[in-house]
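Participant: Sequences are here, hints too, so could you generate the full structure?
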Amino acid sequence: MKSECSTYRNQIPQGLMAELPEDQQKALERHLAECLPCAEERRLYRETLRQLQLPGDADVPRHFFVYPEESRATPWRLFRNLSLAWRGALSAVALAVLALGGFALANLEIRAEAGSVTIRLGEHSQPAPPPPPPTIDLAGLKSDLLLVLEEKSRNDKIEMIRTVRAELAQSETTLTKKQRLALNIALADMESRLDSRIVASAGNVEAGMQGSLAIMYRELDNQRTRDLTAINDRLNRIAANGEIKSNQTDAILETLLQVAEFRLK
Amino acid sequence: MQESIETVLSKTSTVAADSKDKTQESAWIAAAQKGDTLAFNRLVLKWEKAIYNLNLRMLHDCEEAAEATQEVFLSAYKSIRRFRRESRFSTWMYRIAVNQCISRLRRRPQGAHYSLDATGPSSSVVHQLPRSESHEGEILREETRRRVRLALEHLPPEQRAVVELKFFQDLTFEEIASVIQTPLSTVKSRLYSGLEILKVRLGRTALEM
Numbered sequence: 001m002k003s004e005c006s007t008y009r010n011q012i013p014q015g016l017m018a019e020l021p022e023d024q025q026k027a028l029e030r031h032l033a034e035c036l037p038c039a040e041e042r043r044l045y046r047e048t049l050r051q052l053q054l055p056g057d058a059d060v061p062r063h064f065f066v067y068p069e070e071s072r073a074t075p076w077r078l079f080r081n082l083s084l085a086w087r088g089a090l091s092a093v094a095l096a097v098l099a100l101g102g103f104a105l106a107n108l109e110i111r112a113e114a115g116s117v118t119i120r121l122g123e124h125s126q127p128a129p130p131p132p133p134p135t136i137d138l139a140g141l142k143s144d145l146l147l148v149l150e151e152k153s154r155n156d157k158i159e160m161i162r163t164v165r166a167e168l169a170q171s172e173t174t175l176t177k178k179q180r181l182a183l184n185i186a187l188a189d190m191e192s193r194l195d196s197r198i199v200a201s202a203g204n205v206e207a208g209m210q211g212s213l214a215i216m217y218r219e220l221d222n223q224r225t226r227d228l229t230a231i232n233d234r235l236n237r238i239a240a241n242g243e244i245k246s247n248q249t250d251a252i253l254e255t256l257l258q259v260a261e262f263r264l265k
Numbered sequence: 001m002q003e004s005i006e007t008v009l010s011k012t013s014t015v016a017a018d019s020k021d022k023t024q025e026s027a028w029i030a031a032a033q034k035g036d037t038l039a040f041n042r043l044v045l046k047w048e049k050a051i052y053n054l055n056l057r058m059l060h061d062c063e064e065a066a067e068a069t070q071e072v073f074l075s076a077y078k079s080i081r082r083f084r085r086e087s088r089f090s091t092w093m094y095r096i097a098v099n100q101c102i103s104r105l106r107r108r109p110q111g112a113h114y115s116l117d118a119t120g121p122s123s124s125v126v127h128q129l130p131r132s133e134s135h136e137g138e139i140l141r142e143e144t145r146r147r148v149r150l151a152l153e154h155l156p157p158e159q160r161a162v163v164e165l166k167f168f169q170d171l172t173f174e175e176i177a178s179v180i181q182t183p184l185s186t187v188k189s190r191l192y193s194g195l196e197i198l199k200v201r202l203g204r205t206a207l208e209m
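Chain order of the listed sequences is A and B. The first sequence begins at 1 in my numbering and counts up one residue at a time. The second sequence begins at 1 in my numbering and counts up one residue at a time.
Honestly, the hints are just simulated from the structure, not real lab data. Do not take every clue at face value.
Pair by pair, the computed Cβ-Cβ distance ranges are [unchecked claim]: (1) Glu136(B) <-> Ala85(A): 43 to 49 Å; (2) Glu63(B) <-> Lys26(A): 47 to 53 Å; (3) Glu22(A) <-> His154(B): 30 to 36 Å; (4) Leu54(A) <-> His154(B): 16 to 22 Å; (5) His154(B) <-> Leu36(A): 26 to 32 Å; (6) Arg46(A) <-> Arg85(B): 45 to 51 Å; (7) Glu63(B) <-> Gln25(A): 25 to 31 Å; (8) Ile119(A) <-> Arg108(B): 46 to 52 Å; (9) Leu100(A) <-> Thr182(B): 42 to 48 Å; (10) Ser83(A) <-> Glu196(B): 27 to 33 Å; (11) Pro157(B) <-> Val93(A): 48 to 54 Å.
Note that CB positions come from ideal geometry on N, CA and C, so glycine has one too.
Facilitator: Next up, the structure:
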């Protein structure tokens, strides 16, 4: 076989089906006229095409009409259309599902409780879980908090007055009766004012100003600390200077009381 | 060469018949798309022979070919509303049929051999063919068909589909490309490769005869 024969032989079927350009077709014809093996190749292709083009359609064994009910794809029809392997696999899966379903149904438990029905598969039920914690009673908590704060305030007040009285007792030698009486009256008055102040503060807190309450009490606490410090300083000075005159003492005490009252406001 | 009056009249009447046929088919398609089953079954009546024979040559099994043909028409009936007339109805039907056949061939176990000749006489194609005036000539033609069927069995499904559409359904390369939704060059390549195989088998047996 010549080297060019391979190219021409590839062109033979295209030439027979009129798929070659005119120049290539002519070149092929020239080659086939000279090359006997390639001409034989074309004869074989011609014979093949002749046999393929032999008419003879078979008659249909039946008509293939379509009916509306046939067009509905039922699960069974879809299953039948699957290959044998898929049908086997699906059957195995279906059997497994059925077995699991049967096992689950064998352990089915339906229990009616107060206000509810419980359906359970599998093991017998455990005791019912504890009920959820009750919701927080905000009003009650607020009330309790107020009581605690009020109690703390009262204790602080008592403590402060006790401290003042102790300081007065220490400086008893330097004060006259008149001065002590005036001081006691002033302290009682201050106590009364503190009570009314606490009650008023509690009222404010009850009105819903919890934040303000905390600030107010903190401020009150600071104020009291500062007042006590000031009183202590003054009393210390009084004790150190026993020769202070009574009118000076009155003035000092009056000033202290004024300061305390002013701060409380 | 000038054509005779009879030839011209014959061609004219053929063209007119084709036009009428296409108009009628178009009306049936439109009616079927609106759910008219009777109109669809008229289309079945028109195309069942071509589709059945395509399936028969592709599958080489009378019963499976009949089953596949029924599936093809059912599938077409279900999806005819989606037929947009972008191609001919025949192209659309061939596409469904070829896909059905290729799908069935791929599902077959490797190495399985199906032969019409192996089936019983009741299902043999020989018994379904039209009677010929010459018994001897008919026997020779049937022998050739048998050899063609045997040779086709050696082609892969995709090549077999191209050969079937080209030589038995007489489609152009462009129409085949549209049916099997493959590039034109691939269609030609598959056809020539298939012909190469068929030449070896059919050409050799022709020499032996």
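Participant: Hint by hint, note whether the structure agrees.
Facilitator: Tested hints:
{"no.": "1", "hint": "Glu136(B) <-> Ala85(A): 43 to 49 Å", "in the structure": "47 Å, holds"}
{"no.": "2", "hint": "Glu63(B) <-> Lys26(A): 47 to 53 Å", "in the structure": "50 Å, holds"}
{"no.": "3", "hint": "Glu22(A) <-> His154(B): 30 to 36 Å", "in the structure": "34 Å, holds"}
{"no.": "4", "hint": "Leu54(A) <-> His154(B): 16 to 22 Å", "in the structure": "18 Å, holds"}
{"no.": "5", "hint": "His154(B) <-> Leu36(A): 26 to 32 Å", "in the structure": "28 Å, holds"}
{"no.": "6", "hint": "Arg46(A) <-> Arg85(B): 45 to 51 Å", "in the structure": "39 Å, violated"}
{"no.": "7", "hint": "Glu63(B) <-> Gln25(A): 25 to 31 Å", "in the structure": "45 Å, violated"}
{"no.": "8", "hint": "Ile119(A) <-> Arg108(B): 46 to 52 Å", "in the structure": "49 Å, holds"}
{"no.": "9", "hint": "Leu100(A) <-> Thr182(B): 42 to 48 Å", "in the structure": "46 Å, holds"}
{"no.": "10", "hint": "Ser83(A) <-> Glu196(B): 27 to 33 Å", "in the structure": "31 Å, holds"}
{"no.": "11", "hint": "Pro157(B) <-> Val93(A): 48 to 54 Å", "in the structure": "29 Å, violated"}
Violated hints, listed in ascending order, are 6, 7 and 11; each of the other numbered hints is respected by the structure.
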